[in-house]
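Asker: Chain by chain, the residues run as shown.
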Amino acid sequence: MNDGVLSNLLIGVSLTLVLVGAAAVVFSHHPSKQAVVLSGYGLLLTILFVVLQAPDVALSQVAIGTAVVPLIVVLAIRKVSDIRAEHRGITDGQEEK
Amino acid sequence: MTRRIRLIVLGLGIVAFAVSMALAFTGMPQFGGDLHAYRDAAVAATYAHDTANAVSSINFDQRGFDTFGEETILFCAVIGVAALLRPVYRERRREVSEAGHVLESTNLLVYFLFPLTVVLAVNVLAHGAVTPGGGFQGGVILSTGIHLLYVGGRYSLLRKLRPLAWFHQGEALGVVLFGALGITGAALGSALFANVIPQGQLGDFISSGTVPLFNIAVGMTVCSSVIVLLASFLDQALAIRAERVSDPGRTPRSGYEEGSAS
Amino acid sequence: MNYYAYFVAVSIMLLGVAGIATSRNLVHTVVCLSVAQSGTYVLLVAVGFQYGGVAPIFGAQVGKTTPVVDPVVQALTLTDIVVSAAVTSMLLALVIQIAKRHQAIDPDRLGRLEG
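So the protein sequences, as listed, match chains Y, V and W. Going by our numbering, the first sequence opens with residue 26, and the numbers climb by one from there. Going by our numbering, the second sequence opens with residue 1208, and the numbers climb by one from there. Going by our numbering, the third sequence opens with residue 14, and the numbers climb by one from there.
Hints are computed from structural coordinates only; laboratory data are not their basis. Using N, Cα and C, we set each Cβ at its ideal position, and we do this for glycine too. Please note that a few of the clues may not be correct.
Claimed, not checked - Counterexamples of contact, computed for chain V against chain W with all Cβ distances above 12 Å:
(1) L1217
(2) R1270
(3) L1365
(4) P1370
(5) A1379
(6) I1423
As the list claims (entries may be wrong) - Examples of chain W residues toward chain V, derived with CB under 10 Å:
(7) A22
(8) L46
(9) K77
(10) L123
Said to hold, decoys possible - Computed cross-link-like contacts, SDA-like style, restricted to lysine to any residue with a CA-CA straight-line distance of at most 25 Å:
(11) Y:K58 x W:R37
(12) W:K77 x V:A1290
(13) Y:K58 x W:A117
(14) W:K77 x V:A1444
(15) W:K77 x V:F1238
(16) V:K1367 x Y:V75
(17) W:K77 x Y:R103
(18) Y:K58 x V:A1251
(19) W:K77 x V:Q1237
(20) V:K1367 x V:A1290
(21) Y:K58 x V:A1444
(22) Y:K58 x W:L107
(23) Y:K58 x W:K77
(24) V:K1367 x Y:V76
(25) W:K77 x Y:D107
(26) V:K1367 x V:A1255
(27) W:K77 x V:L1242
(28) V:K1367 x V:L1356
(29) W:K77 x V:P1236
(30) W:K77 x V:D1442
(31) V:K1367 x Y:A92
(32) V:K1367 x V:S1397
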């Protein structure tokens, strides 16, 4: 019985953490901050999968969700801000917007 | 559609979705119960093929055709990204300088972690049928390990260590290998993606028939895909710049159209 | 506890959808889409869970009669994660392309989406 209460508690806590993490990702409006939060959220999901006895899923989540996807997001943000900076450099003095 | 109307539509949608989901969940078996019909069938099939890792068995043996479809999704997405992110009209590639300052300890950590990650990836890939892991995880870990060099500030070394043309071919080869294994199943066995190799003893390194071979094929595809993906994004972020146009202002549309259509 | 896991899964998905609808930056929109999709991972893995069940890796300790969690939904989740990564990267490539053409990535300022 004690074992059941403990596992319930563990599952409840990790589920709540995942929910909070998802909210943090959605509500962090600056994308560069969001990439870091997304990585942390991936880690929380990994913990949940380990708790729910899914090691295969946890392994692929930790590789894709905390490393590859946030890295792609960071690179995309960097590229987009470069494009905007270049554009601003071109239009400066030409037209006011 | 104005923002206000959009938010109203969103609210209505969320409420409707939440209500229908709540109704659906009350009719579902309870969380953590012991009623799992699919599990019982899958475990029996896993035992019949002497595969220790049930998830690998389902992915590569019992649902081989679905996984082939998923491979194809990944393959097409990577082709799409590579096509969208190549240097187009009025863009040039510039040399990336290695000027960035990297801490000594970061460097050391990279040198230490890089071989470790590669070994870990190969281990995860090779034991996919026996322990947690397999082609997907091994492939992603391997490609992430190679990109550690970027963290160490060695973009030029990364480019040397990563002959992209090889990985373009490796990706295609992985998909072809996967398909060929499936057709072999059809030719020698009863059905497409049938497990035709003797399965050996459950838990042994050489066991579970075709599953390790599928793991290798998937590992090749996934590793190459992730490398090609990250290479496209890294190139865009670091090396590719728009050319200074002689007459400033809005860039002519037709130029971009031409570049992306070819 | 009975329905909490399902509640969390649906909440994550709705959070993601709300984020997509209110987003002011296309990169943020794509990240919200991947959050919405992660709700399905939680739902799938939660459906297959069983109290006292162990991970579906058979061996010396885990035999035919040991209760294990459902490996079918785990295999589905694995597929889901890989597809999510593919979709996210494809969409981000499109966002970069939009930024190159319009120099703006606020969906409200883009006006209409052209082909």
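Asker: State for each hint whether it applies.
Answerer: Right, here's what the structure says about each hint:
1. L1217: V:L1217 is in fact no farther than 12 Å from some Cβ atom of chain W, at 4 Å.
2. R1270: violated, 7 Å
3. L1365: holds, 18 Å
4. P1370: holds, 21 Å
5. A1379: Answer for V:A1379: holds, closest chain W Cβ roughly 16 Å.
6. I1423: Consistent with the label, V:I1423 stays out of reach of chain W, its closest Cβ about 17 Å off (over 12 Å).
7. A22: holds, 9 Å
8. L46: At about 14 Å, which exceeds the 10 Å cut-off, the nearest Cβ of chain V leaves the hint on W:L46 violated.
9. K77: The hint holds - W:K77 has a Cβ within 10 Å of chain V, the shortest such distance being about 6 Å.
10. L123: violated, 13 Å
11. Y:K58 x W:R37: holds, 15 Å
12. W:K77 x V:A1290: violated, 49 Å
13. Y:K58 x W:A117: holds, 19 Å
14. W:K77 x V:A1444: violated, 52 Å
15. W:K77 x V:F1238: Holds, because 23 Å separates the two Cα atoms, which is no more than 25 Å.
16. V:K1367 x Y:V75: violated, 37 Å
17. W:K77 x Y:R103: Violated, at about 52 Å.
18. Y:K58 x V:A1251: Violated, because 47 Å separates the two Cα atoms, which is more than 25 Å.
19. W:K77 x V:Q1237: holds, 24 Å
20. V:K1367 x V:A1290: Given pair V:K1367, V:A1290 holds - Cα atoms ~22 Å apart, limit 25 Å.
21. Y:K58 x V:A1444: Holds, at roughly 18 Å.
22. Y:K58 x W:L107: OK: Y:K58 and W:L107 at ~21 Å, within 25 Å.
23. Y:K58 x W:K77: violated, 47 Å
24. V:K1367 x Y:V76: Violated, at roughly 41 Å.
25. W:K77 x Y:D107: violated, 57 Å
26. V:K1367 x V:A1255: violated, 46 Å
27. W:K77 x V:L1242: Distance of about 16 Å is within 25 Å: holds.
28. V:K1367 x V:L1356: Answer holds: V:K1367 to V:L1356 is near 11 Å, not above 25 Å.
29. W:K77 x V:P1236: holds, 23 Å
30. W:K77 x V:D1442: Distance ~50 Å between W:K77 and V:D1442 Cα, so the pair is violated.
31. V:K1367 x Y:A92: holds, 22 Å
32. V:K1367 x V:S1397: Violated, at about 45 Å.
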